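Undergrad: Protein sequences appear in the order of chains F and V.
Residue numbering for the first sequence follows this note's numbering, beginning at 18 and increasing consecutively.
Residue numbering for the second sequence follows this note's numbering, beginning at 18 and increasing consecutively.
These aren't lab readings, by the way, just hints derived from the structure by calculation.
Fair warning: this is a prediction, and the values are worked out from it, not measured in the lab.
Wrong hints could be hidden among the right ones.
No copy is singled out in the list; a pair is fine if it fits within one copy or between any two copies.
With a Cα cut of at most 35 Å, we get these calculated DSBU-like pairs of lysine-lysine [unchecked claim]:
#1 Lys279 x Lys48
#2 Lys48 x Lys261
#3 Lys63 x Lys48
#4 Lys279 x Lys158
#5 Lys158 x Lys185
#6 Lys38 x Lys116
#7 Lys82 x Lys158
#8 Lys158 x Lys254
#9 Lys82 x Lys185
Number of protein chains: 2
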Amino acid sequence: MMTFHEELTAKTEGVEEIIRKYLPLEEGLQKTVFSASDYSVLNGGKRLRPLLMQETYTLFDGRGKGIEPFMAAIEYIHSSSLVHDDLPCMDNDEYRRGKKSTWAAFGEDMGVLAGDALLVYAFETASKALLQCNNPANVVKAMEVLANKAGIYGMIGGQTVDVELTGKALNEEQLQFIYNLKTGALIEASMMIGAIMADASAEDIRSAEAIASKVGVAFQIQDDILDVTSTTEVLGKPVGSDEKNNKTTYVTLYGLEEAKNKVASLTEEALELLSSLTGENLFLEKLIRYLITREN
Amino acid sequence: MMTFHEELTAKTEGVEEIIRKYLPLEEGLQKTVFSASDYSVLNGGKRLRPLLMQETYTLFDGRGKGIEPFMAAIEYIHSSSLVHDDLPCMDNDEYRRGKKSTWAAFGEDMGVLAGDALLVYAFETASKALLQCNNPANVVKAMEVLANKAGIYGMIGGQTVDVELTGKALNEEQLQFIYNLKTGALIEASMMIGAIMADASAEDIRSAEAIASKVGVAFQIQDDILDVTSTTEVLGKPVGSDEKNNKTTYVTLYGLEEAKNKVASLTEEALELLSSLTGENLFLEKLIRYLITREN
């Protein structure tokens with residue numbers, strides 16, 4: 018029998034294949050934006066969002082490949098947000114995961130265009146689910162959730178507030194808003210779309226959203242904790258950056274102990290909600306526990 | 018009886034109302050991105066794309082309000098492209114239509130985020146057509162066309178090549194590519210989506226695409242002509258800017274006479290194709306003629 022980590026590796030490889038399969042075909046004069054998009058997507062991310070989507074789909078008895086275009090789409094949107102976050106007028110990051118960030122490798126104009134291209138291409142990809150699913154209304158509903166959670170009421174809304182308040186001390190409401198929207202919203206979309214495409218009931222879709230909301234916030238707080246408690250070797254990126262950048266985090270606002278307690282309680286609440294559902298997916302339970310107790 | 022211009026004014030006001038109606042509701046801490054998005058959309062554009070979409074919908078006997086979300090969506094995408102085109106790392110334009118461009122008014126970071134927000138919000142808006150249309154598969158197909166024509170194979174692909182070749186002399190293939198993709202693709206999407214949402218046949222959707230392709234290129238060449246033949250007063254923006262910027266256009270490549278002939282022949286081809294269809298829409302005929310013979 019495979020260990021959780023073996024299973025995680027195998028499933029992540031499966032997700033990686035799907036992400037590659039749906040990448041745009043490089044034909045035509047616009048080759049720079051194709052290359053910049055591929056470069057941004059194929060950067061060795063953890064692929065959490067498509068994994069959570071797939072496992073939620075399985076939890077609700079989803080069958081067939083109708084979920085695959087959405088798995089690729091949500092990762093393209095996540096990549097797009099990283100590309101634009103790194104821009105000089107935003108976080109001005111020249112490196113990401115030890116490689117040049119997209120704008121640093123391809124120029125600032127191509128950084129803007131590659132982010133735009135990935136954002137739009139996510140919806141083109143998602144629409145391909147129509148061919149693999151016999152309920153077109155579910156495809157529209159899933160696309161609506163994708164747009165809503167990625168957009169002004171979700172990830173981009175959270176990013177707006179994060180950018181505006183950079184360098185300022187945040188209060189509780191502002192920090193919560195940023196965690197819920199910038200990190201939480203796309204994780205909510207992942208689990209909701211898994212449920213929608215599996216034709217789950219409206220109540221089950223709401224439960225998926227509630228579980229994901231807790232997972233998203235806990236995931237972000239765990240990031241804050243690791244920035245204080247980990248080492249650069251284990252984390253794979255510099256630790257102590259939040260303090261250095263004078264950044265308000267859950268740890269700076271409430272202290273390390275309270276942050277750890279919050280992660281533990283959110284995890285338990287998420288897992289309790291998950292176990293109250295009719296379906297069962299042991300891997301999803303382990304995945305949620307792993308995301309929140311991870312060390313990098 | 019109304020003149021064409023009275024009818025155009027009335028219809029444009031109707032489109033304006035639809036565009037306003039679907040704008041995001043300003044609730045929450047992310048108010049800057051709401052304001053920047055509204056500012057970008059409500060800039061007094063000609064609203065050609067939603068007009069062409071609505072009239073194509075009517076041509077193919079489309080009934081009801083199912084087309085409205087797409088009319089708003091295509092204008093949000095067009096606005097998004099203008100916001101990002103104006104950025105310092107792209108065309109670096111501080112003004113648009115006599116007002117500060119979005120980044121100049123709200124900051125460069127908010128320029129990036131407002132463009133992103135509008136791009137995603139277009140798809141959220143389009144998905145609302147599900148509630149007003151009894152054929153969900155058509156909604157998915159129309160969203161796919163929207164994404165395809167706005168994205169890497171369409172508008173953004175064209176913009177990539179335009180940006181990369183700025184300041185360089187273009188050959189025929191490059192100029193044609195930019196005209197087809199940067200300007201043509203979104204006009205193709207407008208007419209195709211009108212046809213799709215009216216439940217037109219695959220053949221009629223292809224005809225709508227072919228007509229729009231000719232209209233889009235003719236529209237762009239007319240822009241080139243006006244830059245040479247008009248006055249700043251009539252055009253409402255500086256003339257002679259292409260020559261000043263050393264820009265290759267249809268006029269610089271083929272001369273003014275040939276450019277005028279090309280607009281005339283593309284117009285006739287588009288109108289002939291239009292008249293070969295079963296349906297009839299006299300206003301659409303006049304609108305196409307107007308777009309191409311306009312003086313500003």
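Undergrad: Each of the hints needs a verdict: does it hold here or not?
TA: To see whether the hints hold, each was checked on the structure:
In the homo-oligomer, the alpha carbons of Lys279 and Lys48 lie at most 35 Å apart only across protomers (29 Å), although the nearest pairing inside one protomer, at 47 Å, exceeds that limit. In this assembly of identical chains, the alpha carbons of Lys48 and Lys261 lie at most 35 Å apart only when taken from different copies (29 Å versus 39 Å within one copy). Taking the shortest Cα distances, Lys63 and Lys48 sit within 35 Å of each other both inside one copy (27 Å) and across copies (32 Å). Taking CA atoms no more than 35 Å apart as the test, Lys279 paired with Lys158 passes inside one copy only; the shortest distance there is 32 Å, against 44 Å between copies.
In this assembly of identical chains, the alpha carbons of Lys158 and Lys185 never lie at most 35 Å apart, being 38 Å within a copy and 45 Å across copies at closest. With identical chains, the CA atoms of Lys38 and Lys116 are at most 35 Å apart within one copy only, with a shortest distance of 23 Å there and 44 Å across copies. For the homomeric pair Lys82 and Lys158, the shortest alpha-carbon distances inside one copy (17 Å) and between copies (18 Å) are both at most 35 Å. For the homomeric pair Lys158 and Lys254, neither the shortest alpha-carbon distance inside one copy (38 Å) nor that between copies (43 Å) is at most 35 Å.
In the homo-oligomer, the alpha carbons of Lys82 and Lys185 never lie at most 35 Å apart, since the shortest distance is 46 Å inside one protomer and 46 Å across protomers.
Violation of the numbered hints given earlier is confined to hints 5, 8, 9; the remaining hints are satisfied by the structure.
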